[in-house]
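Note that our numbering has the sequence shown beginning at 64, numbered continuously upward.
Please note that the accuracy of each hint is not assured.
Unchecked claim - Capping the alpha-carbon separation at 30 Å, the derived lysine-lysine pairs in DSBU-like fashion look like this:
no.	residue 1	residue 2
1	324	345
2	582	345
3	568	345
4	450	486
No lab work stands behind these hints, which were simulated from the structure alone. Source: prediction; values computed, not measured.
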Amino acid sequence: MVGSLLFRRFALHKQFTINHIYRRMVSNQSSKYLISNSAYKPFLNELGLEEENLGVFDGKWFGNGELIDSINPSTNEPIARIRQGTVEDYHRAVESSTKAYQMWSNIPAPKRGDIVRQIGDELRKNLQPLGKLISMEMGKILPEGVGEVQEFVDICDYAVGLSRMFEGKVLPSERPGHMLMEQWNPLGIIGIISAFNFPCAVFGWNQAIALVCGNVTLWKGAPTTPLTSIATTKIVERVLTRNSLPGGLSSMICGGTDIGKSMCEDKRIPLVSFTGSCQVGKQVAQTVQSRFGKTILELGGNNCIVVMDDADLTLAIPAIFFAAVGTAGQRCTSARRLIIQEGIYDEVLTGLRRAYEQIESRIGEPFEENVLYGPLHTKQSVELYQKALEQVKKNGGNIFYGGKLYTERKGNYVQPTIVTDLKHNSPIVHQETFAPILYVLKCKTFEEAVQWNNEVDQGLSSSIFTTNPEYLFKWIGPNGSDCGIVNVNIPTSGAEIGGAFGGEKHTGGGRESGSDSWKQYMRRSTCTINYSKQLPLAQGIKFA
Numbered sequence: 064m065v066g067s068l069l070f071r072r073f074a075l076h077k078q079f080t081i082n083h084i085y086r087r088m089v090s091n092q093s094s095k096y097l098i099s100n101s102a103y104k105p106f107l108n109e110l111g112l113e114e115e116n117l118g119v120f121d122g123k124w125f126g127n128g129e130l131i132d133s134i135n136p137s138t139n140e141p142i143a144r145i146r147q148g149t150v151e152d153y154h155r156a157v158e159s160s161t162k163a164y165q166m167w168s169n170i171p172a173p174k175r176g177d178i179v180r181q182i183g184d185e186l187r188k189n190l191q192p193l194g195k196l197i198s199m200e201m202g203k204i205l206p207e208g209v210g211e212v213q214e215f216v217d218i219c220d221y222a223v224g225l226s227r228m229f230e231g232k233v234l235p236s237e238r239p240g241h242m243l244m245e246q247w248n249p250l251g252i253i254g255i256i257s258a259f260n261f262p263c264a265v266f267g268w269n270q271a272i273a274l275v276c277g278n279v280t281l282w283k284g285a286p287t288t289p290l291t292s293i294a295t296t297k298i299v300e301r302v303l304t305r306n307s308l309p310g311g312l313s314s315m316i317c318g319g320t321d322i323g324k325s326m327c328e329d330k331r332i333p334l335v336s337f338t339g340s341c342q343v344g345k346q347v348a349q350t351v352q353s354r355f356g357k358t359i360l361e362l363g364g365n366n367c368i369v370v371m372d373d374a375d376l377t378l379a380i381p382a383i384f385f386a387a388v389g390t391a392g393q394r395c396t397s398a399r400r401l402i403i404q405e406g407i408y409d410e411v412l413t414g415l416r417r418a419y420e421q422i423e424s425r426i427g428e429p430f431e432e433n434v435l436y437g438p439l440h441t442k443q444s445v446e447l448y449q450k451a452l453e454q455v456k457k458n459g460g461n462i463f464y465g466g467k468l469y470t471e472r473k474g475n476y477v478q479p480t481i482v483t484d485l486k487h488n489s490p491i492v493h494q495e496t497f498a499p500i501l502y503v504l505k506c507k508t509f510e511e512a513v514q515w516n517n518e519v520d521q522g523l524s525s526s527i528f529t530t531n532p533e534y535l536f537k538w539i540g541p542n543g544s545d546c547g548i549v550n551v552n553i554p555t556s557g558a559e560i561g562g563a564f565g566g567e568k569h570t571g572g573g574r575e576s577g578s579d580s581w582k583q584y585m586r587r588s589t590c591t592i593n594y595s596k597q598l599p600l601a602q603g604i605k606f607a
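Could you build the full structure based on these sequences and the hints that come with them?
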């Protein structure tokens, strides 16, 4: 009896020990991911994220591809796992989107606008948690992460009004009893391929406008920001579910180049909106054009700020600082080149050095208060930064400020850098590096500054600081800046949603967001209507 009791106690103790060890093993294993950390778990769970997440949505969540980790660039620790989609999963999502389009395109535009309004409202409720996720996964500081979600909210508000304002011309006909009119209709499935630096807002620009136009969307986010893609889609999903709408209105797939390639080759996708590098954008354009599809391309910038002798430096220096250093130089509109007229060259450089020195105490993890400067997005970005500075030295350039890695930090931190003494046409100056490197050039005249601004392949954003009306109007005129965004006395970065966003030349020529960008998401028909009982032919032709 006693032996039996001792045996039972031993067995229970043994089982308790095994369970305790198992729980510790599971705990230790799960602690590998930041989502299990109490500092991050509440807001990540609020967004519907778990330690392992399915990366494809077409009304249901699934995924049969590779299991990958999402990495926090400020520490290089994994946040959570994602099951990516396969090419087969992509085709399933397209089929779901095709079915959804048949229904959605026949809903009146103002009612479509009401759904987009609800998406904006749902985003407002999740402004902070989604902004925190963007900050955590991309690496931008928290105010910028929250601001990115706000940008999606703003474009939803804009699209709601647009849904009651789609215009089409009514034109006079030369023939009696006839009228000419334009009719705008949706295209179908809009393929959206977005980049890591704005993992939410760029999708929002496209989706809000595409939906009110009567299209549906299929989104492939950047492979390095999959959690933002998933969380954003879950927010949209709630609105669709409440309104008994199919998930195929807003399909999403996490994946690699095989998914992007399939989308570009797919005749069922009449329009592909691509944001990324010039090199990849060229391949996208060629592939889509080979099947006579349409593209919206938002590619590289290599943007320039010009500072004339008469500039107000209390405006210019803070603007240059924000444009060059904000988001650690990882915006497509970040300032890469600074052209200063020779009379104030030294004064501007001195002011910039002071500004750059002040940021040293405000570098840190994006979540921390008072931080202005976070990490680069990946280790590969750090390598590109280093290679660019090696080229600077080989070409005789001077590192006026910065040029170092913050090796004491676990993440991808580099020192914001100012480079001087290079020629305006130096190959490295003409090559866009997605990092906080600012090339400073000295010019003699306004005409020289314009020439240097325009001589690079890209043409996204540009800005001039001047108080001279002659310079101002020449800058925005036919012989001025050749960019899609031409600013005066403000930074190159920080565009508002009301205007069309996009650039010229190797930037791709696409336009997103406001103005009449909506026209790219629709097809235009010219309709000639005969309401008479006669059949006169155009140009007075007689054929009888």
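>> Check the hint pairing residue 582 with residue 345 against an upper bound of 30 Å on the C-alpha distance.
In response: holds, 22 Å
>> Given the hinted pair residue 568 and residue 345, is their Cα-Cα distance within 30 Å?
In response: holds, 11 Å
> Straight-line Cα separation of residue 324 and residue 345 no greater than 30 Å?
Replying inline: Answer holds: residue 324 to residue 345 is near 13 Å, not above 30 Å.
> Taken at face value, is the distance from the CA of residue 486 to the CA of residue 450 at most 30 Å?
Replying inline: Answer holds: residue 450 to residue 486 is near 18 Å, not above 30 Å.
Of the numbered hints listed earlier, not one is contradicted by the structure.
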